[in-house]
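Quick note, the sequences are listed as chains A and B, same order. The numbering of the first sequence is the working numbering, which starts it at 1 and goes up by one. The numbering of the second sequence is the working numbering, which starts it at 1 and goes up by one.
No lab work stands behind these hints: they were computed from the structure. Careful: at least some of the hints might be erroneous.
As the list makes no split between identical chains, a pair holds if one copy fits it or if it spans any two.
Taking lysine-lysine pairs in the BS3-like style, the calculated list, with each CA pair at most 30 angstroms apart, reads [what the hints assert, rightly or not]:
1. Lys-47 / Lys-328
2. Lys-107 / Lys-296
3. Lys-365 / Lys-289
4. Lys-111 / Lys-198
5. Lys-296 / Lys-47
6. Lys-182 / Lys-365
7. Lys-127 / Lys-365
For clarity, every value in this text was computed on a predicted model and none was experimentally measured.
Listed below, chain by chain, are the residues.
Protein chains: 2
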Amino acid sequence: MISPHLVHFESLTPDPHSNARRGRLWTPHGIVETPVFMPVGTVGSVKAIGPDDLAKDDVRIILGNTYHLYLRPGHELIRDFGGLHRFIGWHGAMLTDSGGFQVFSLKGIRKIEEDGVTFRSHLNGSKHLFTPERVIAIEEAIGADIIMAFDECPPALESRDYFERSLARTTRWLHRCQSAWKREHSSLFGIVQGGLFKDLRRRHIEEVCALDLPGYALGGYSVGEAPEDMHEGVADCAPLLPADRPRYLMGVGTPVDLVTCTLAGIDMFDCVLPTRTARNGLLYTSVGKIIIKNAKYQRDNGPLDPNCDCYTCRHFSRAYLRHLYVSKELLAMRLNSVHNIHYFVTLMARVRQELENGTFATWAKEFLASPGACR
Amino acid sequence: MISPHLVHFESLTPDPHSNARRGRLWTPHGIVETPVFMPVGTVGSVKAIGPDDLAKDDVRIILGNTYHLYLRPGHELIRDFGGLHRFIGWHGAMLTDSGGFQVFSLKGIRKIEEDGVTFRSHLNGSKHLFTPERVIAIEEAIGADIIMAFDECPPALESRDYFERSLARTTRWLHRCQSAWKREHSSLFGIVQGGLFKDLRRRHIEEVCALDLPGYALGGYSVGEAPEDMHEGVADCAPLLPADRPRYLMGVGTPVDLVTCTLAGIDMFDCVLPTRTARNGLLYTSVGKIIIKNAKYQRDNGPLDPNCDCYTCRHFSRAYLRHLYVSKELLAMRLNSVHNIHYFVTLMARVRQELENGTFATWAKEFLASPGACR
């Protein structure tokens, strides 16, 4: 199945001093410059901010969550509206996860079998079955440019035995996903699992990459393990993924994670971190993390981040942001989220610039030692 | 006290067929075209939307609430930041109420005496005293372009006896407000009370307007009486207010109220209605009120209002707005508020245009018979 509509990865400048690469993702909804951070729009909206806010940061790709969208508003409604892009009014590229991560998080209200996973909705307790075939059909109805295979994502600290059995099933499921995949405007990406077992990861990379898919992801990181263990695992795995396909590290991470894993050769990242923390008043800045409700900001007339040119930092003081937050004003959620998304997105723009200049490895070392390298 | 910084009302085209007038308010923070609807920014933010959203609708004046701002973040902090405009990053004009309305709503936790009102904070139960002198000092610290006198606002259905005593005290308080008023960049407006007693209203208008203030307001409407009674009262009172001063109807109202009371000669309106209802999923449109959570909008691909060019209506469908609302997404709050504010603000822009064309009375009749004349 070779289609001109498939997502295609164009490799630009490889970094001479690390495994990092400057690249470009060609999608049916525009070009995405990589390495890239993708904001998460769980139910079809990047929480607390609008497409207008994202456009100001030149965000070219966002995520949707299959599990949530399937339950509400339903993939059939989305399909009838011409797909998720049209339904939510987003003109850039989109990626959907497979729902696997959410479904496997529903401890006690789900059951894993060879055919698939039976689970109960967190909304109303209704019973549902996700099989690889069903998930691909749902993702194709939602119609993102990139759709993720249905895999099992075990906790990082599960036993080796469990991982052996789970990986074998995930590989069988991947074959079923590939067979079920029909829509040529939606590119199927495979997912490598294996927890912190390096040999299992390597074996799984071989199994997954044998399917010659448009892109590959590392899943099962940032699920309870120490960040250092994750960094080590990613450094080991990423270079083994095919160089001519995009490499996506799922659900990661902090600014430190983004730069560290770009050094390892990752091209794509996503995480709810910037938006979720923003809603809790935790802000990422070049001078370190800021908990805006702290009393010390009550009379602080300076901008949130003196080195930031986002809408929030250009117009409002820390004192006002604190006032909005403690007063539970909705504007606090938006202004905080606008800033955090800007921080993550411009960090990656800087990464790309440094890669183009051939100075990334040096810059990364400096950045990782700076106060802006928030964890 | 004649100051060039005082708010000055310029009368433009008076309507030949009604008491309506096209006017202009010159303030230290720009010109406000009247008749005007002023969005309410209770604690220093028009709820759920940003100054950028307001700028798109050419909003020139917003309100702040003295009671709320006094309690948090505190008028002294605001003063130290150079006033409310600077603290919240708003470059247009501002008006503060006197806190009277809020304080008198605190039934059971406040006590009215000749000197002023003792009340307890709704935030933490702490005890406070508002006197006319204290309120003017607080409002001057906050530093709005227009500051309202401290008055008592009794429920519309209080007895005549109660109103007689209350009005006499409110007049004494107004004299104390005028004596306390020092800041020449903040123009003191007097407030006429009297409930639905026309003779009391008329007598109070004489007492209040004798003070030769930069503007006058009708207070104590939309506090429990029937809208028709309010319209009748305003029609009776508004023309008795001096023609060369702005006339402000406080806390009003619906689209029907705005047009009806403009006909009576009102220049300024404020109300939390568009933003509060927006957060509850109630939307004002040219085709009537819309409760967005209704199942009939689940598959409605049309815009919220087919005749609206706000950001929300230009980019999103009723189905998506419904999805955001039932999913409790924060974006729903912003998009709904953006639309409702646009509806109220552009309604008044249309009113001004019709006044300039000399066609307002005819247009008003048609509007009031149309589905857009929401109550």
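Status of the hints after comparison with the structure:
{"no.": "1", "hint": "Lys-47 / Lys-328", "verdict": "both (16 angstroms within a copy, 10 angstroms between copies)"}
{"no.": "2", "hint": "Lys-107 / Lys-296", "verdict": "neither (41 angstroms within a copy, 35 angstroms between copies)"}
{"no.": "3", "hint": "Lys-365 / Lys-289", "verdict": "within (19 angstroms within a copy, 58 angstroms between copies)"}
{"no.": "4", "hint": "Lys-111 / Lys-198", "verdict": "within (27 angstroms within a copy, 73 angstroms between copies)"}
{"no.": "5", "hint": "Lys-296 / Lys-47", "verdict": "both (28 angstroms within a copy, 25 angstroms between copies)"}
{"no.": "6", "hint": "Lys-182 / Lys-365", "verdict": "neither (44 angstroms within a copy, 59 angstroms between copies)"}
{"no.": "7", "hint": "Lys-127 / Lys-365", "verdict": "neither (49 angstroms within a copy, 55 angstroms between copies)"}
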